[in-house]
Every structure is written in structure tokens, then in C-alpha cells.
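Trainee: Here the protein sequences line up with chains A and B, keeping their order. All residue numbers in the first sequence are consecutive under the working numbering, ending with 492. All residue numbers in the second sequence are consecutive under the working numbering, ending with 629.
It cannot be assumed that every hint is accurate.
[To be verified] If you anchor each label on the Cβ, the simulated ranges turn out as follows:
| no. | chain 1 | residue 1 | chain 2 | residue 2 | range |
| --- | --- | --- | --- | --- | --- |
| 1 | A | I113 | B | S258 | 47 to 53 Å |
| 2 | A | P32 | B | V628 | 31 to 37 Å |
| 3 | B | R302 | A | E450 | 44 to 50 Å |
| 4 | B | A575 | A | P118 | 23 to 29 Å |
| 5 | B | A447 | A | I113 | 29 to 35 Å |
| 6 | A | I113 | B | R568 | 49 to 55 Å |
| 7 | B | S258 | A | D101 | 44 to 50 Å |
| 8 | B | D502 | A | A132 | 33 to 39 Å |
| 9 | B | D541 | A | I113 | 35 to 41 Å |
[Claimed, not checked] Examples of chain A residues lying across from chain B (beta carbon under 10 Å, computed):
| no. | residue |
| --- | --- |
| 10 | R28 |
| 11 | I29 |
| 12 | P32 |
| 13 | E41 |
| 14 | V235 |
| 15 | V261 |
| 16 | E307 |
| 17 | G431 |
| 18 | G434 |
| 19 | G471 |
Just so you know, the hints here were simulated from the structure itself, not pulled from any lab data. In this text the structure is predicted, and so the values were computed from the model without any measurement. Cβ atoms here follow ideal geometry from the backbone N, Cα and C, with glycine treated the same way.
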Amino acid sequence: MTPEMVDALGRIVGPRWVRHRRAELATYAMDGLPTRESYPGVVVMPGSAAEVREVVRLMHLTGTPFVARGAGTGLSGGAVADPDAVLIALTRMNRILKVDPVRRRATLQPGVVNARLSEAVAPHGLHYVPDPSSQAACTIGGNVAENAGGPHCLKYGVTTNHVVELEVVLPDATVVRLGSRQGEPWGPDLVGLFVGSEGMFGIATEIVVRLEPIPSSVRTMLADFLSVRQASEAVSAIIGAGIVPAALEMMDQACVQAVEASIYAAGYPTDAAAVLLVELDGGADAVEAEATTVVSILRERGARDVRSATTPADRARLWQGRKKAFGAMGRIAPDLAVQDAVVPRSALPDIMDRIEEIRGRHRLSISNVFHAGDGNLHPNISFDRRDPDLADRVQVACREIMAACVAAGGSITGEHGVGSDKIDYMPLIFDGETLAAMRAVRRAFDPYERANPGKVVPVHACREWRATRATRAAR
Amino acid sequence: MSDVVFGRLRALLGTGGVERDASGLPRATPDSADALSLVCRLAHDEGWKIRVEGNGTWLPSDAPADLAVSTRALDRVLSVSPADLVATVQAGTPLEALRRRLAEEGMWLAIDPPGRPERSLGSVVATGTAGPLRHGFGPVRDHVLGCTVATGDGRLVRAGGRVVKNVAGYDLTKLQVGGFGGFGIIAEVHLRLRALPRADVTVIARGPRDALTSAARDLIAAQLLPGTLELLSPALAAEPDWTLAARFAGTDAAVQADVRGLSTQGDLVWQPLPADRTAAFWSLVARGSLGGPITLRLGVLGDGVDETIDLLAHDLDEGLVSAGAGAGMIRWTGDAPVGRLRAVRRAAASREIPMTLERAPWPVRRALGHFGAYREGVGQLVGRLRDSFDPGHSLSVALEGVE
Chain A
18 MTPEMVDALG RIVGPRWVRH RRAELATYAM DGLPTRESYP GVVVMPGSAA EVREVVRLMH
78 LTGTPFVARG AGTGLSGGAV ADPDAVLIAL TRMNRILKVD PVRRRATLQP GVVNARLSEA
138 VAPHGLHYVP DPSSQAACTI GGNVAENAGG PHCLKYGVTT NHVVELEVVL PDATVVRLGS
198 RQGEPWGPDL VGLFVGSEGM FGIATEIVVR LEPIPSSVRT MLADFLSVRQ ASEAVSAIIG
258 AGIVPAALEM MDQACVQAVE ASIYAAGYPT DAAAVLLVEL DGGADAVEAE ATTVVSILRE
318 RGARDVRSAT TPADRARLWQ GRKKAFGAMG RIAPDLAVQD AVVPRSALPD IMDRIEEIRG
378 RHRLSISNVF HAGDGNLHPN ISFDRRDPDL ADRVQVACRE IMAACVAAGG SITGEHGVGS
438 DKIDYMPLIF DGETLAAMRA VRRAFDPYER ANPGKVVPVH ACREWRATRA TRAAR
Chain B
227 MSDVVFGRLR ALLGTGGVER DASGLPRATP DSADALSLVC RLAHDEGWKI RVEGNGTWLP
287 SDAPADLAVS TRALDRVLSV SPADLVATVQ AGTPLEALRR RLAEEGMWLA IDPPGRPERS
347 LGSVVATGTA GPLRHGFGPV RDHVLGCTVA TGDGRLVRAG GRVVKNVAGY DLTKLQVGGF
407 GGFGIIAEVH LRLRALPRAD VTVIARGPRD ALTSAARDLI AAQLLPGTLE LLSPALAAEP
467 DWTLAARFAG TDAAVQADVR GLSTQGDLVW QPLPADRTAA FWSLVARGSL GGPITLRLGV
527 LGDGVDETID LLAHDLDEGL VSAGAGAGMI RWTGDAPVGR LRAVRRAAAS REIPMTLERA
587 PWPVRRALGH FGAYREGVGQ LVGRLRDSFD PGHSLSVALE GVE
């Protein structure tokens, strides 16, 4: 990056908030995905929406690509920038601007940490529902970019169901307000379009989210099974009975053993083939009644044992193993390839068999922890990337798993986003016309394609679409 | 001209694929997404304007055009998967037929839009018109996992997918839900379903409006979450006073527990509707929105309901009003001149309340637009999106209106 650019950025945000030495940039060379590394040209850390706007205006005037980044916990290589790009880190913009407990809304800067929001509104009896595993570190801005999920999204929906209004700096430095506090769009649903656009439509500088009351009654149940198939069938039976649990999570034996061998041991039975975590919430009477039904379904479907917890401490213990599963896997090998495929719920048992077959054939260590209620799988492959043969086998296995999930009618990502990691898989599920439509939408927001370039849409696979007036004018 | 259009459509779709509407306008009725895209491509290449129609029960079929394209022959349920609670349904499928088909397999689509039972699914999705169930089950967008759309120039875009959780690529589905057909014509929809509720109980309370709105706010604060908590005007509910209707749908145990919880809240007298009258009651509410030529939707949260109904009553009338007490939406139906409606939209905008014109005759749609003026900077964005999805401006849809 040129010294002129570094100086110009420094004039906007103050020199101390511009990082350009190699050692300083190392922090930003990766996100949560260990296999994509690239040093940005320079990192700038604006402290206000006005500064973001000025930085983006500078990018626009100088034709410089840029990448917005929150805490860098993403798992798709989406928040990594090439050396010709400016990385805009939004972590300084971490203020909760307003909480409106009556209307159940909070107005946030993009750098607010997910878990901190729920802490801040807890005194009002409210919380922010989407709870990605990285919630202690990840930011709301990153959640918006990725349309982040989490275990409790089964009943309450993912980020897009909780964001009602956005202030966005478009790539030409225009500021627009999308959506409304009420949740009713002003015009087409541009908030819905923006959420999950992976930083390619602009930068959200103010985010208004919906808050939900903390449920008055919560019950968590842990059931263990002698086969993954039985556990999967129990999942379908619960949903089929008309019960929508707040969370419905599964861990396979490899995952349970990893957890139990770690400091996060939660007392899960290590000889079980699968452990199911079911959480019900709502009014006390309703939760009580539904819990009775759930327990009988679990037993009918072959659960050996069902443990139940209602106090926060006991519930936290049952959840601990699930929440710390990724950390526990870190003990097994230096690197972890985290997959994020989705299959129709009914395909779960077959796909689990298929993953086991792929694992065996490539001699890999795979543990599965996933959101069973919505068919969102996380087969995690432990490996050491210093072993090139092993790393290659991991890549091949990932592709095979993905292809199997797509063949079952699924999707390549349920909550982690495409980024650069899954861009090559996009043609597996979208035809050239649909990919071209995505590119056309991106160009409506960003005609010069400067915001987070090269992610999500594989340009070579797009059919040519008629240039819009704006892009024609731009040329 | 009309004969030329008719002849070209017949050559493309066969005699069964084209007819004339009451005014003699050629109407194409493609029965597949591919056929729909061919019609759009032809119209685009010839520079013909398209009027988008479903079953003709919601928006009047009166937009000026060289041909009408109706989804009424796209009326098949393509697949249902009870184990996954998803279905793929063609856009022209009448809601009532869909409801029956799903119920046979123990499934339920938790959308109860205004209008007639034969209203097409595509119409509900394209106009984003949720009904009272929005309170507990969310707006229309929450029920749509994906859709296949023919753009104005006849490209087929397959947005989203058939799984309940999916962040692959940009969420193009959101542009189509509530896009009023301005970004293409919806051919097929992937729906998120629920298990058919074992219990479905409606209880109602009657009284003066402010007492009911305040009671509704208390219920929400007390964390009671019925599927519906809807305030209905006397004219809409055909009652002498205002009605607050709460509907609980779910498992037997949960519904019983919730109904018991309701009776312990506040001093309203709640009366359960007899089971055999429940469907008729909600059907009356849905049809109520056809009681006038114009239907508006305003985004309003609980504490703004009274004030906004006052605004409507003052500038228009208090006739047919339905308000989601917690869902953030008020629906008004009636008749009023364009100038008055424009004034209401201005007054609403000054209170940060978005107002969408859901249904009106063409001259009103043309003048006001479904959305009216956008906020600063948004107009260019929407314009570029429309240029991409309808480059020849073939679709006769008035999103913005004219001043």
C-alpha cells in the first residue's frame, strides 16, 4: 500500500488507528478459517460512522478495494483482504447506542460484541436471540454480514429474523437507511437483501435489532442413543409432533469423547453413539407439558437415558460440552476444518452414514456436532496442515461431503457464509442464471465491485447479464 | 396489435395457453416456469408491457399492458415433505387448495392473509400480505425458503433452496417477497411449514378500543405469546364494539396452558369461540379487507396503534381496520381520493411509519405507488435493481408512483 494512502487514512481516523507494518498486519491475515491467509495492504480502524463514510469515500475516489471486518471470527475466509485492499476494522465502533425495552429494540454500532448485547439488556428481562458459538467475541456487524445462526435459531430464526433497520454506507459513500424500527420495510425488503451479503453491498454503521423476552421457563434435556440413526429419527419425531424446541443439538461419539477428554468435560456418556440436547422454553405450564411429550418420544425412539435440568446451573452444565465442543477438538490436532452443510432433516441418518464412509476411506478424524433440528451439519475434520498429504485428503473429503449434502437436496452453508472457502461450491447449488442475478444485485449496490471483492459469487460461472444503466455509465 | 400479441402467444403456448380477458386483452396462462419465462422473453423482445396476474382476486386486473400474464395455470403442488416440513408449490395454487392438501399430510402453512380463499399463493408472497398470524409466526418472508422467478426479460432465477437454514449466496428471495412483481414474476415457491396444530383455539374480548390496546400491551409484557393478537374494528368483525382476538395454535397442552394464562391477566372478559365458528370468524376477518377498493398497510408497534388508528380515522375513516397488537402492522381498507391517501402517507412518514399500498385500482396505484417515495438514496438503489431484473421495463408495476 502506498505511503500516500496510509497518510490519507491517518488524516481521517488519526495515525494511531492505521496499521501498515507487516507484524501489525499479521493479526488480520486470517479469520477463523485456518486455510486462507492473506495480508491486507493496510488496516484502518474508524471510530465513528462519519469516519467510515470518509474512509469509504477515499476508497471510492482512489478506486481502492476494501474489506470490512469485525472480530475476525468468521469461518469462511470472508473477512480476509488481498494486499491491494484496505481492511476496515470496525471493532472500535462498539457502543450500544440505545435500548428501548418497551418496544424491544436496541440500536447498535457494528462492533458491539454479540454476547455483550444480551448482557446489557438482561436487566430489562430481554435478550438477543441469535447465539453463534463465537458469541463471546463475534460482533453484530459480522453477524449481519454472515446472517449468523446458532443453536437457538431453530425456534427463533437467524440474524435476518432479528434485524429490522440498518444504516449503510454504500461503496460510493452514499449513506442510506433501510427498513424501519417496526420491522416493516419502506419499499422492497432491502434489509433482508443486505443481511447475509458478506460485506459486498456496503458497510452497516448502525444496526437496529429486535430483542426478545427471556423465557420465563426453560428446560434442557440430554438423551443418549446407541445409534446416530435413532437419534436422528427422534429429532424428526419431536418436530413432527408439532413441538418446536428452542434448540435441538446433536453430537456424535467422536465429539463427545473429545469433549469428555478435555477440561470442558460435561459428564456426557462416552460410550453413546450420539447425544441429543433438547431445550424447551416458554410459559412454565406449556414447557412442563411439552417436556413430558418429548421425554416419551425420546424413550420410544431408543434413548438409553434422559437427563433433565431446569436450574440455570444445571442447564449450563448440560450445555457446556456443546458450547465448548470446538475448543475441545482443538486439543486433538493443530487444525480443524469446520464444515457447515445443510440437508433436509429426513436425510440426516443417511448423510451421517455417508460421512462415516468418506471418513474411513480418507483415513481422517471427523467429529460431528450439529444443529439437528434444522439439518445444519458441522462435520469437523481434525488435521495438521504441515502434513501436505493429509491436508490434501481433508480438501478432497470436504468436497465429497459437500457433494453428498447437495445431492440430498441440501445447501453448502447454513450459517458460516460462502466467503472464499465455499465459492467453488456455489455452482453445485446455483445455475449460471441465478449466480448472474446475484452478481447483478451486488452491482446495484456496488457497481465497481470494490467491497470485499472476489468473494461469494464465482464470476466465471455467471451467465452474462445485460449491463444496468449504472454500470454502463460507470464504464 | 392485440391480435398480433394473441397470435404470437398462441404460437408459443398453444391454444390452451392463451385466452382473452373480459376487456379482450390477450392473457397468457403458462403452466410451467419455463413457459412463463418464454412469455416474458417474448414480451421483452417485442417491447410489450405485461400485466402480472394471479387468480384475479386481490389486485384488480387493470394495469395498462399489451398482454396479461396470469399464474392461474401454475396451480400444482410440486412436492411436499412431511418429514422435513417443506413444500414446493406453484405460484398460482389457490391458498385453500394448498391448505387442504397440506392438512391431509398433517402440515400447516402459518399464513392467513386477507382476501378470498382462492387467492393465489404467489399473490400473497409477491405482495407480502401476512394476516393476523404474523404476530406469532412472523411475516410472509419467514415462511419462504426460496422461489423461482421469471425476470422481466425471461430469465429464470432460482433463489434460495428447500432447506430451512441456508446462507449460500445473497438472499435474493427477500427481494421477491413483497416486491409486488416489480422484480419478476414468481413461478414457484419453496415453503417452510409447521406440523398441523393439534389444538387451535380462538378467544375474543370486546370493548372500547383503548382498553383493548392497553390490555394487549399488558399481555405482550407478560410474555404471553398467542399466534395471533389482533385488534379488529367494529365494522370488520361485524360487532357493535372493538374486538381483541387471541388465537393459540400448537400442542394441546401448550394451548390449554396459554389460554389459562390469558384468563389470569388483566380484567378483560375473554370468551372462547366455539370450535365450529372459529374458521368462519377468521374467514370473515380475511374477507373484510375486500370491503373497499383500497387496502393500506402501516408499520406500527404496539404503543403506536391507538395514535395511528386515530390518524387513519381522522384523515380517512375508522371503517375496516385490523391491527396486529404486537406484530407491528395495521391494515386499513376503504375508499379515499388520492390526495387524501397521499396526505396520510406524508403524515405517517413524518412519524417514521412506512405505509404500503397493498391493493387499489390502477389510477391510485399509478399515482401513489405501492411504496411511494423512498428514503434518501434508496430510490437509485431500487431503480438499479429493477433495471437488472426488468431491463426492458416490461412489467407494468407501479412501485413508486408519480408526484
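Trainee: Which of the numbered hints are not met once you compare them with the structure shown?
Mentor: Of the numbered hints, 2, 3, 5, 6, 8, 10, 11, 12, 13, 14, 19 do not hold.
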